Structure formats: C-alpha cells, structure tokens
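Participant: Protein chains in written order, with our numbering: chain A, 1 to 151; chain B, 152 to 329.
Hints listed in this document are in silico derivations from the structure and should not be mistaken for laboratory results.
A quick note: this is a predicted structure, and the numbers were derived from the prediction, not measured.
Just so you know, even glycine gets a beta-carbon here, dropped at the ideal spot from N, CA and C.
Wrong hints could be hidden among the right ones.
To give an idea of the interface, some chain B residues facing chain A are shown, with a C-beta separation under 8 Å as derived from the structure [to be verified]:
no.	residue
1	Ala206
2	Gln210
3	Ser228
4	Cys229
5	Gly233
6	His254
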Amino acid sequence: MFKSLGSLVTRSPWIYRLNAGSCNGCDVEMATTALIPRYDVERLGCKYCGSPRHADIVLISGPLTLRVRDKVLRVFDEIPHPKVTVAVGVCPVTGGAFRDSYTCDTALDQYINLDVIVPGCPPRPQAIIEGIAKALEVWKERMEEGACSRS
Amino acid sequence: MLPFLKIMVKNLLAGPSTEAFPFAPAHTPARFRGKANHDKNKCILCGICRHVCAAGAIQMRVVEDGSGVEYVLWHNSCVFCGLCAHYCPTKALTMTDDWHLAHRGEDRFAVREDSFVRYGQCSTCGARIQPRPAVIVEALGTRYPDRFMMCPSCKRESLAKRSVPAKPDMETSETSDE
C-alpha cells in the first residue's frame, strides 16, 4: 500500500520555504524560481505550500540566527517524514558571509541534516531547480526504502 | 472586435516563455561568476586572494616537509564576489561560468578546489623562495633572468658584486630599475 502510494506521490512534491535568518537574497531567488514563468519549477510537479505539515521538500536559507533557532527547529519538526532538506545558498552549510557572527552560534547543518546543497550567494534560479531535481531523486530513494531523514 | 484573438495568435507564434532548463542546457551570461578556478601553474603564493576573501573560503597550508603549499578553496564557503580573481596579480584565480554546484549533502567536503603549489629554489644557495613557474618567468623574468631565480640575499649580493663601468657621466642611471 505504502509502496504503491509512494510511486504516485513522488510525482508531485510540495515545497516549503524555511527562512532561518536569511538576508532574503536566496528567498527572492526561490520566489523567482516558483513564480516567474521563465523558470517555472511547477513543471517538475512542485508546488509551494503554506503549511509545514503539507510539505515534502524543505528549502532552507540562512545561517540559523539565534533569534529564530528554536522557532525554525520547531517548524522543521512539524514537517512529516520522509522529508528532504535542500540548503539554498552557502549560509546553511558554512555560515557564508555571516560565519562567526555574534548572531549565530554555529552553522545550520549542526542541527538539521542537509540532503542537498545548492551553493551560491544567492544561487541562480536554474541552480535551485537543479537542486530540487536532485532532492527529487533523494526523495524517491527514501520512499522506496521507507526511511526517515531524521529520527 | 475580439482583441484577445490577436494576443492569442501572437503568443502562439512566440512560443513558450519558459526556459527548458532541467531538460535542456540553460543560457549562461558570458561574464557570469560561477565557481572559482585555481591554476597552480600561475600561482606565486602571494596570498592576496586569502587576504581579500570576504567569506574566508581560501586556505593555504604549508605541507609538513616544507616543499610547498596546499591550496584549498571551499565552494561551500565562497560567496562568488570575485575579489580574489580581481586582485590576483598573475591571473591564477579566475571565475568560471560553471554554476552546476548542486550536490548531495554527504559530498560537501569534496566540493572544493584543491591544488598543491611547490616552492621555488634559489638558483645560487638553494633557499626557499616564492614559486617561479614558467609562465611567471616568461612574463617578469626576461630582463634579468639570472637574478630573477635568486633569493633576496643572493640577489643583493650579486648586485653589490657586479662591476660598474667607471664613467663620469653615468652616476645614477645604471641602477634605476632595480
């Protein structure tokens, strides 16, 4: 039952954007990727959703500032398994230009397992689409295994 | 009458406005700043790239036996500002237009520019000097090829030892460009 649903559901991943204290550069590019017909991520079956409980793929941007840390982790835990996390920009991985800032203690990947990384500051929309395509592969593998990204 | 027909026909002829990207190659502007590329055959280890790097993405470590420097540029830290390429005096660092950097999370430590730059050797005393790659020798060392391959102290010595022709009308012009 789960297997047969899995093959159907991987055709339409729903995307959730999570801003972990980003400068909004990556968020603008993510909005561009989805909303502008020129890039149009909906061709891959993706759809941006407003609620974390509906999400399959999470796009995370930002270095995880102390102010949003607990809120981000709470929202992240609301996303059902198996979720695939995509780090957009260099901030979630290393902190980027905000590394060693007094507003963030450590990079986001100490808290959240990043499945796909799209480096850039910000990455161009095509690179984000490439990252989402990679996340789709990861998600399909997860659905076949029935494994969780974080437990 | 029926003005939308005109728009419809126009849009039909114009074709889709969506880029075909994941299914076909995307257009990249010529001066796009993608991942940085380090050419170890041009590098003189001046370290200006590491100095100007806004994100601290460049590391240079002397290897244990002291024969050279391990040069690492982390693409996951780089913010693609292009300052390193701008300030590189020998154009060893360049920004390519390759933006295909998306990778799996477990490969994050493999996404880097990794090269080993060997130190140069003084042609007289064998002391460690900055690298003297062939490209640099051709560009800068053609006027005084012997002195270019020396360490600073040997260079000073050879300058002091050199015989200056005693001409009363040539007092300062000989050493003007040293």
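Participant: Now tell me, hint by hint, if it's right for this structure.
Facilitator: Consistency of the hints with the structure:
no. : hint   : verdict
1   : Ala206 : holds, 6 Å
2   : Gln210 : violated, 12 Å
3   : Ser228 : holds, 5 Å
4   : Cys229 : holds, 7 Å
5   : Gly233 : violated, 11 Å
6   : His254 : holds, 6 Å
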